[in-house]
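Asks: Spelled out, the chains give:
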Amino acid sequence: MTHWDALSHVCGKTPYLDDLPFPANGLHVVPFDSPVAHGHVRALDIGAALAVPGVVAILTARDIPGENQIGGIIPDEPLLADHTVEFRGQPLALVVAESNAAATKAAGLIQAEIEALPVCTDPREAAARGDIIGRVRTFEMGDVSAGFASAKHVFSGRAEVGGQEHLYLETQATMAFPTMHDGVRIISSTQGPTAVQRTTARVLGLPMHAIEVEVTRLGGGFGGKEDQATPWAVMVALVAHRFKRPAKLVLDRLRDLRMTGKRHPYQADYQIGLDADLNIVAYQATFFQNAGAHADLSPAVLERTLFHCTNAYRVPNVKAVAMSCKTHVPPNTAFRGFGGPQGMFVMESALCHAAESLGIPTWQLQKKNLLRDGDVFAYGQTVSESQAQTCWDRLESDFQLAKRWQQVEQHNQTSNRYKRGLAVMPICFGISFTKTHMNQGSALLHVYTDGSVLVSTGAVEMGQGVVSKLRAVAASALGVPAERVKIEYTNTTRNANTSPSAASATADLNGKALDLACQRLIDRFRVLLVQDHGGKPQDYHFHEGKVTGPNGFEMTFDALALHAHFQRVSLSEQAFYSPHGLHFDLEKEKGHPFAYHVYGAALVETTLDSMLGTYSLDRVSVVHDLGRSLVPIVDQGQLEGGLVQGLGWMTCEEVAYDESGRLRSHALSTYKVPDLYAAPKEIELICLESNHSYAIRGSKAVGEPPLMYGIGGYFALRHAIRAQQKGPLAFHAPMTPERALLALHTPVREPAPQSVTNAP
Amino acid sequence: MIQFYLNDQRVETDAAPATPLLDFIRTHRDLVGTKAGCREGDCGACCVLLGYLDPQSKHVSYQSITSCLFPLGNVHGTHVVTVEGLQEIAPNPVQTAMVTRGATQCGFCTPGFVMSWMAFALGDGALTGQAAEQAIDGNICRCTGYQSLKQVAQDLTAELNRSLGQRDLSGLVSACWVPAYFRDIPGQLAAIPAVSAGSGSGRFLAGGTDLLVQIPEQIQEESVVLVHRQPGKRSIREQGDSLWVDGSATVTDLLNSPCFDWIPNWTDQLRLISSTPIRNIATVAGNLANASPIGDLSILFLAMDAEISVGIHEPDERRFPLADFFLDYKKLLLNPGERIWGLTIPKGDSRFQFLKVSKRTYLDIASVNSAMRIWLKDNHIQRVALAAGGVAPVPLYLRETSRFLEGKKPDAQIFEQALAIANREIAPISDVRGSAEYKRLLLTQQLKVHFETLFRDEEVAV
Ligand SMILES: Cc1cc2nc3c(=O)[nH]c(=O)nc-3n(C[C@H](O)[C@H](O)[C@H](O)COP(=O)(O)OP(=O)(O)OC[C@H]3O[C@@H](n4cnc5c(N)ncnc54)[C@H](O)[C@@H]3O)c2cc1C
Ligand code: FES
Ligand code: FES
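In order, the protein sequence lines correspond to chains U and W. Residue numbering for the first sequence follows this note's numbering, starting at 1 and increasing by one per position. Residue numbering for the second sequence follows this note's numbering, starting at 1 and increasing by one per position.
In isolation and in its complexed conformation, chain W is listed as follows (with noise of 0.2 Å):
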């Protein structure tokens, strides 16, 4: 039995853990103000809040979803609100911004917007206008031209700053940014008796943003494993002279996690991934069993040189370089049963960088993407972990070009041996991301400018 809160109304269900939530909010509870525009997790007109309760702080966090990919089954405890949810107090802050600077015409994707800006108020975040912007990075408006929504961004983050003695939940009820039930949320959510997350058996799921995309109709019908988790159990951390990532660990929670302090631009470059309402439930360990040949996290760890932990009851089962958990198209080194727990980076005083280039820079699939870290000692260069999205049928760790680097003073002329070395390793073929002619090409040019930017203060010509 499925129980959580739906806007100010508690929800106990027997549906398939898998359903996905926008299909039990519309067709189960004909809320139809979150509507579909894609299913894919791509438009953002299905966003709604999930607000999991800290059980010590009894402080619930909000943030938006797209709930045409999160499995019902996840929703388990939580709050979710649509906007439905906000009538009480409707318009509120953020929908009177929206109507007075004319950023809806068709309305379709507006209560996306709505709610995305929603998650913004409630946060924690940095109260500026470029927040508000990131904060509907996984909104598309075909209407507007976005030039009234940007107005509203700045709008809401002057509204915040201003309305707001206390950034807390009572002072959003005090000046209507939310309804009054929501103080009622925490101690209602603390009544609902916890389940145990990864049991019974058939196959994992997660955030659900790669399978409710790839066999929605099929996943309902099977048994599934739920290994989401709430965030309080998704950790990052520091352990010893490396870093430990539970599989289980979001994209949000790397691109806020102060253990990568030491990548200059951390957060930019994760902002490259998918879009803030997918972030918040994508998972570490679905990304990498997805084994898309273009997963931006599986070119990001190989490049770290982690390891991966894999077993069927325990974390350490088995620990072996990422680099050889590919084995061929979506063929992975990981048995029947066997679950991602995490992954362990060594630390160590290095450099880092991940580009990523696709048709449209944000919230969008790699057409090539490649992560590079070297360690440097005594202007040479100690040791290198490079890798390679979209120009193989894996992520690819170029080992070679790696390789044939270590022990290098790092000058023009070995850049470009480096430059033939990786062309060899690598094997592009042409799909609508991208003929491989270009792909070859565009990994050439991001290779120039890892060496370029990774080697800036080595003075050498690139």
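This is chain U alone, in the form it adopts within the complex (with noise of 0.2 Å):
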């Protein structure tokens, strides 16, 4: 089985928003964005912008008719700045005109007067003006202090990690349609359908009912369509009700760069204490999230933060504190991921940090302390159904750590100018959305009289392929072959108050509805078979299209379909599921947030040029808990692709501000993904297959946890460096080729690593 869309995709044939038809009479919209990172707006002179021809109207805050915010968890945004900007980029205007030609020049003649104020781009340095948004988040379990005091080694330093772009191919693109009964037809690229109706329906001030909103398809989200698509959505709804006109948006490159948050970059202490054995007794970390200059979503990634905060680690101590810090860059928001890489890259720098001070290979320490069925994770949950040893065990047997290791280890000697490296990266990663309320899906099953099937769900497909694993989902839930079944595209009127497609979990909640649908329409059909033919329900079976029973009874799929229908038998059904079983108590930071875990471990190996900096990526070597993958040329997808845009993410792509809060990275050729020649040489991948029941049919998720593994390419460039340089190194991600060369060449200045033993 292929991805059902490919066909499409390779013909040129999938039409991508900017592509969909667009009336002529349609209003063309561009943003004016804030060119001052903090300040307080006197005027905004638009006499020449509206002097250019074809220009409808320019638009600003006083022009919303509902209320003018669109921050979803804390309400701190408004959708088009008023008195103060936070940040460059930040929307103030809108301008409406005839053609995207014209808006776009006329946003170019728009003067704004600011007077500028301070402005902050370090976390910590707002950390420590108490500029934090939301409150202090901490984790804890057990007693570090008695647990760093029975260390026979502590060691502390600091860690720092980048932001990073998500690079959808496609950028952001909306459409709206006035609609009757004072409603807007939305169509957006957005990875949350429901957040975009809910947040348009509050600036309009509309009821939800009003505002539908469709996704055809993405081309790439990432998390970058989360909760970053709805704005420009909102700002087209704003047009089209307003002048009854359709109303187009789609942002350029450089806008949409300079307008959207990205990763969170972190900067963090740790201290980690191990006793004499090298079991980790005590970890402590404090996290300053670089959260932009909005809430956003960065509350809920900096949780995950802490609950990723020990990886696939056994700790019985831990104190990790976390807090989103208000700068005065975009607000930065949902990644692949979702702070639980940032969280890992603090805990692998401890470890490496023990491992360098101590003279031993880091990846006997992360094999020391590797989880087990029955250990507990800080925030509670006891680990069942590990797998972190037996990805392990398998990289170990099939991938040959150790010999590898001492291959890398006598090139070194023997070579000057090229150092190998290698690293190992394991991972656990926790399955569910962790606001409890999140994790839910809904299908809507439609059988035609012809028995053909058409399936609508909350999933947004982004590329990651939920519609081909639906579409399993509902070929073998009703034995009917692919071909009949349609994913419908995802339509806040047919399915409503979604989640939206994030967490890895699309096609585990989305995926258990259609399949709990489908059962309920093939019992109400077992029902009219036996009414018809006799025996027990049970007794008839449906595969291969059709439907066969006791005495050899045999029929079409087609023809039960249009036989129930005479029989005035509903042919649809809806489905709503929730996993059972999770929960998660903000107060105490205890519970059971997540229905599973997805383990593995990666193998990195680089070869670094010492004289030059540069490095080749050679190798990765994956073990990954799959589960029993509904479509393998999607998961198989999905693990490389995760894991070179996390290769990437610690290696080329360094998102950078200015002190004046502009984007140095500001376009592509300052802004680089690993192209064909920077991901890995070659990548290996065994796919483990344990079951677990919250998976939808025993597939596991793959869309977030294969990124984690890139992890191990900062690490394995770190293990090369250190062939020459032994002196103190920062640990501070991406290692791109500048910090590598500067690592190798010159005395360092950033804080040495701290490092105490214990008096025995």
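Incorrect hints may appear among the rest.
Heads up, simulated SDA-like pairs for lysine to any residue below, C-alpha to C-alpha not over 25 Å straight-line [what the hints assert, rightly or not]: (1) U:681 to W:266; (2) W:377 to W:416; (3) U:13 to W:90; (4) U:13 to W:9.
Some chain U residues close to chain W (C-beta under 8 Å, calculated; not the full set) [to be verified]: (5) 6; (6) 11; (7) 170; (8) 656; (9) 670; (10) 676; (11) 737; (12) 746.
Have a look at the derived ranges for each label pair, beta carbon to beta carbon [stated by the list, open to error]: (13) W:233 to U:404: 53 to 59 Å; (14) U:113 to W:237: 55 to 61 Å; (15) U:108 to W:174: 48 to 54 Å; (16) W:456 to U:728: 33 to 39 Å; (17) U:20 to W:174: 33 to 39 Å; (18) W:265 to U:276: 53 to 59 Å; (19) U:113 to W:12: 46 to 52 Å; (20) W:174 to U:531: 58 to 64 Å.
Simulated from the structure, these hints should not be mistaken for lab results. For every residue, glycine included, the Cβ atom is placed at its ideal position computed from N, Cα and C.
Both chains are given apart, each in its own frame, so use the hints to dock them into the complex.
Replies: Here is the structure:
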């Protein structure tokens, strides 16, 4: 089975938002964004812009009929800035014109008079001033002080990890149409149609039922269109509603880059304690999350950092503190992994620090401390069905970890210019929305009288292959060929109050709902069959497009559908699914937030040119727990794609702002994602097939976890650098060629990591 | 009037010559299979095929280009093919392989990959897996991680080697790689009247890979002089004891030219410059005139000790060392209306190396680049040309360092001194491509590598 959409994609027939027909009388919208990162807006001179032929209007905050508020978690973000701007790129006005060219030109002619205020881009600085969004969160287990007191070795230091631009190839795009009874129909390239609907209703002052949101498909999302597709959709809805004309907005790449948030950069302090046998006895960390100017999803992202701050390791005494620090950059947002990878990076830094100081390979420390069933996470959930050890064992046996390590060490003894590096990255990632109530999915199933099947769920297709999986679920549950099943576009009028397609949970939640809907329909068919032909319900089997039953009964599915219709039996079903047993107490910071965990381990090998600081990723060998994959080619693609995205984050992808809050990595010429050659030369995959009942038909969530293997890329490069440079070396990702060369050839000025050895 | 073939349709248009081809395709013609990912040449989602007719052989040669940057005026007399132009035979072997290997996820990048591989199939380069990978060096995919795409590259190579007895158009048509209408194209292109390139007045516009990035809207409203030329008119040739490189030569022309056979790994070095679809259109003159302090071709030709020919009407109204051409940041020794016609490069028994380091090895602008050419005689350095980019407001010819090395017997001490001199000659600044400190260090390291490589046989310990 292939990707359902693949044939359409390769023929260039898949319509993305900007490809959809748009009426000639439609309006084009271009946002005018703040050129200043922080300041009071004194005046907006729109005279020249209004004079551009084709310009219809320029809308500002005053033109908003409802509430000028788009904050999802915390109401702290206006759609259009009014008195104050808090980041460069913040929308101040909307230029509405007959053509995109006119709107773009006019936007360039608006002059903003802004009284500049001090700009802060550093999260520690913001924290020191008390500029925190939401509350400081603390996850605590055991007694860290006692743990450290009992430790033989204690190491403490700082780690810093950069942001990451989503770089979905399709930029943010949306259109809206006025509908009857004062409503608006929106088509949006969003991962969260319900968020778009809810926010539009709020800003336009309309009930939610007046707003219809449709999502055809996305040219990539990666979290960047979970919350941040919303403002653009609301903007076109505002225009369509006001002028009663269709409106369209497609951000050009430069605007998309400077106006939208990214993966959160983090700074952290860590301290780790080991006993004489090198068991981790205590771990303490403080995380300073660079949240940007508004809350967006930052508090939820922060939470996941805490959930994953000990990665795949057993740590009896933990204290992890985290805060969202308010800075003057665009609000950072969801990105594959959702804060988890940042937490893991810090843990891996602590382990690497310990190992380097003790003169042992980091992987020996990692191996020693892997999670086992019965261990407890700092958030109170007990580890069960852990695959950490199994994955590690397969890595050692099938990919010959010890031998490869030796080869690398030997190579480095004899080679002067080219140094090799190796690192292992085990992962443990919790599956579920950490906001428990969001763990729900819904499915609407129609069988038509010709037996063809139509499915709608809350799932949004963005390349992750969810429609292929849903199709497999329906086909198998109804016993019909996949060709008879069509997955319909996502639409809020078919599936209401949906959760965004995120948290790797989309296929699980919506697939389970679909499974239920199919089951109910089959049950109803069986009742009818028993009525007509006798026997017991379970005597009727649905497979290969037909129903078979007692005494050689056989009927095609299509004929049954028509028959049922004539018998006035409903051919439609709607089902709702929510996994049971999930809970989390925000006061105690304890609970059982995850349906299950996904495990794996990756071995990353690199070669570094110590003369020039350049490097290549030679090979990544992964053992990953996929469960029983529904569509293996989809899952393999998610694995490889996530891994390479994670490697990019750790190597060549560097989000940079200057002190004035201007995005320096402002275009694809200055922000580099992996190309064919920056990706690993070779990826080896071993997929484990453990089972878990919460996973849809045993097929485990795969969207996010593989990204975290990329962290191994940083540590493999660090290992290579260590072949030449033994002095202090800060934990600072990404390891760009610049950082690598400076690390190799100049003394370090960043504060050296601390280490203490307790007297025995 | 611009006339060309778009897929199987003849197009005649009066649109502005600097209109990006992509806009014409998507907006004027509603062919939305070609995607806009960046409009800066950096993602490849907009790749299409550009076919030039060779008037002699009546053969149409196809290349991939980034349609977001190629000016519409340049396509006069050519055949432009978008993904819709394959519809008759879709899915063709490229498309089938991508489906089979799962090499498309969100699909937004996909038509670009298809067209880049179509250029590979239609081209006359080597049919190797490596070449099939190089064909997509200008295409970014954010979803797949490239492994499945690499498998497609292998599949296509095998399939082309297997299915094509004769690697010509009729072979490709009968094996269903391209639709049958391709057969009619040579005759149809021949019927389009030629226009004289380089006429009119205004700003020179060549491949557009700088201008359409820098002033995309403005340039469409200006009058321009189109100086991009058909492949047959972009010569790189030996001329007595020197080489002549036409200003209109593209980076691909340089890469394929046998005139640089004397440089080991020449093609590998040139592949560090932009990407296949950009190299196919970016010109030498454009690179020099753009005067970027990190322009790769500027550095490369400075270190070849090239002379530049400029003039309003004629190539050789003025000819002087390229080293004198770059006056200050984006200031050139070029009078208004003067065109860059080409470069003259001394031949001779010498060694040459170009180095470039950027954040990402391919399709990236250098943090620092450098090139060095040496002429040796009797164990002595007879002559040196050394240039470096990213370390000054201009592509820098390192005069002092070059002069210092001349006449010296290469040894470690001399190199040490040369490094010190070079470090005095440069003044890097901190920007998004690296801190000043990094750039200084990086040039030192590059110079060490130049010494090590170029003097390898001289048995000097560097
Ligand atoms: C994605 C991308 C990647 C790139 N990567 C690299 C890289 O790795 N290394 C690198 O060096 N460059 C790179 N470039 C820059 C660019 O490709 C080169 O500078 C190119 O050689 C410019 O040539 P052109 O024909 O496209 O110029 P155009 O954009 O057409 O013109 C550039 C300038 O030259 C002038 N001009 C053109 N022809 C003449 C002439 N005959 N006489 C006088 N003036 C003339 C124009 O008026 C204009 O000012 C890249 C560009 C892009 C878009
Ligand atoms: S749109 Fe990205 S290269 Fe043309
Ligand atoms: S498939 Fe999404 S960018 Fe390539």
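Asks: If a hint holds in the structure, say so; if it does not, say that too.
Replies: Consistency of the hints with the structure:
no. : hint                       : verdict
1   : U:681 to W:266             : 23 Å, holds
2   : W:377 to W:416             : 21 Å, holds
3   : U:13 to W:90               : 11 Å, holds
4   : U:13 to W:9                : 19 Å, holds
5   : 6                          : 4 Å, holds
6   : 11                         : 5 Å, holds
7   : 170                        : 5 Å, holds
8   : 656                        : 6 Å, holds
9   : 670                        : 5 Å, holds
10  : 676                        : 5 Å, holds
11  : 737                        : 6 Å, holds
12  : 746                        : 7 Å, holds
13  : W:233 to U:404: 53 to 59 Å : 54 Å, holds
14  : U:113 to W:237: 55 to 61 Å : 59 Å, holds
15  : U:108 to W:174: 48 to 54 Å : 52 Å, holds
16  : W:456 to U:728: 33 to 39 Å : 35 Å, holds
17  : U:20 to W:174: 33 to 39 Å  : 37 Å, holds
18  : W:265 to U:276: 53 to 59 Å : 54 Å, holds
19  : U:113 to W:12: 46 to 52 Å  : 48 Å, holds
20  : W:174 to U:531: 58 to 64 Å : 59 Å, holds
Checked against the numbered hints given earlier, this structure breaks none of them.
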